[in-house]
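Undergrad: The residues making up each chain are set out below.
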Amino acid sequence: MPASTCPLTGPQVVDLYFLEHRAKLLDIAAFLDRLDRAAPPAAAGDVRVRALRRAIPLLVDGTGDRARRILELVSDHTTEPVPAAHTQGALGADPATAY
Amino acid sequence: MPYIDPHIHMVSRTTDDYARMAEAGCIAVTEPAFWAGFDRSSPAGFFDYFRQLTETEPKRAARYGIAHYCWLCINPKEAEDPGFAREVMALIPEFLDRPNVLGIGEIGLNKNSRNELVILEEQIELAKRHDRLILVHTPHLEDKLKGTRLIMDALKNAGLDPGRVLIDHVEEHTVKPVLDAGFWAGMTLYPDSKCTPQRAVDIIECYGRERIWINSAGDWGPSDPLSVPRCHVEMRRRGHGADLIAKISLENPLEFLGQCPSFKPLG
Chain D
0 MPASTCPLTG
10 PQVVDLYFLE
20 HRAKLLDIAA
30 FLDRLDRAAP
40 PAAAGDVRVR
50 ALRRAIPLLV
60 DGTGDRARRI
70 LELVSDHTTE
80 PVPAAHTQGA
90 LGADPATAY
Chain X
0 MPYIDPHIHM
10 VSRTTDDYAR
20 MAEAGCIAVT
30 EPAFWAGFDR
40 SSPAGFFDYF
50 RQLTETEPKR
60 AARYGIAHYC
70 WLCINPKEAE
80 DPGFAREVMA
90 LIPEFLDRPN
100 VLGIGEIGLN
110 KNSRNELVIL
120 EEQIELAKRH
130 DRLILVHTPH
140 LEDKLKGTRL
150 IMDALKNAGL
160 DPGRVLIDHV
170 EEHTVKPVLD
180 AGFWAGMTLY
190 PDSKCTPQRA
200 VDIIECYGRE
210 RIWINSAGDW
220 GPSDPLSVPR
230 CHVEMRRRGH
240 GADLIAKISL
250 ENPLEFLGQC
260 PSFKPLG
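Sequence order for the protein chains is D and X.
Note that numbering that gives the first Met the number 0 gives residue 38 to position 39 of the first sequence, counting from 1, and the numbers run on in steps of one.
Note that numbering that gives the first Met the number 0 gives residue 206 to position 207 of the second sequence, counting from 1, and the numbers run on in steps of one.
Just so you know, these hints were derived from the structure itself, not from any lab.
Honestly, I wouldn't trust all of these hints.
Derived contacts from chain X toward chain D, CB cut-off under 8 Å, selection only [as the list claims (entries may be wrong)]: (1) N109; (2) K110; (3) N114; (4) H139; (5) K145; (6) H172; (7) T195; (8) E204; (9) R229; (10) V232; (11) E233; (12) R235; (13) R236; (14) R237; (15) E254.
As the structure is a prediction and not an experimental result, all values here were calculated from the model.
Glycine residues also receive a C-beta, built at the ideal position from the N, C-alpha and C atoms.
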């Protein structure tokens, strides 16, 4: 990641953003709890959920560039065009990756 | 502070949105041709859409002191049928000389298919033939990284000046290759996908203020036509000065879009 040019100090970043991101973390926790309570439990095997679970450790692995690395984790890394577009939407995680 | 929203789909927005944007300082918008949320049943649907972009919207915007410009194309979501796409492309030249048309856009890829790529290449050639600027749509979510690479390859193969192409919807994993290749980069501020205002300012802090802009891409889906001024608030609360806001939302759009002689939002 290039050198930061954020004008804020570390304590200022925490003061400004901590509560907002505490709330987002709780949203993820509650989403996973909701998934556990939902039937059928096989939904936990959904590629999107598996990708999310694979992404979470990147938050605390001590390395920077987390947003870029998570986006790359959930990306299609093939290089050739697909033969045809069978849908117009996207999932948010690559269905062909074994997360 | 005056600003330009260089990517917004005003055909999907209410007149109240024009009023609110004007109150927030918007002086000009540029509107790329894109998907309407459904597939149009005939090329005639696009003919009417191009009339809306070149006749109706400029008048609606002018009532609020906003200059309206547009881009024309067949969008990648409706480009899977090459025959249909070519019929739409055949309509474009008769609109290109209308006073608010900036160039070809938003062309690009959606699912990174062979047919989408063929139509992208043909529209790049259309822009080249008419010496027009290009605005590029990059795919959503898991398809963005691959699609951005395929699009940049197509643009390079066509021998275009990258300084006349803006690649939109960049995020943390695509912004660097786009800028390193000499293209302009756009960041779209969406509540659930693409960039939040916070992440957009992070990207500016990390990758610099040159050849980059922010836009709302406000349309018929979850989006906010005031996300550009909201991002300005994010810059200010971090301590960035008015110079950065002016650079990203006024000077950069003026520099890129000003390569089209008809772009004169300041009169």
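Undergrad: Please go over all the hints and tell whether each is borne out by the structure.
TA: Results of checking the hints against the structure:
no.	hint	in the structure
1	N109	holds, 6 Å
2	K110	holds, 4 Å
3	N114	holds, 7 Å
4	H139	holds, 4 Å
5	K145	holds, 5 Å
6	H172	holds, 4 Å
7	T195	violated, 10 Å
8	E204	holds, 5 Å
9	R229	violated, 14 Å
10	V232	violated, 12 Å
11	E233	violated, 10 Å
12	R235	violated, 11 Å
13	R236	holds, 7 Å
14	R237	holds, 5 Å
15	E254	violated, 21 Å
The structure fails hints 7, 9, 10, 11, 12 and 15 (numbered hints given earlier, in ascending order).
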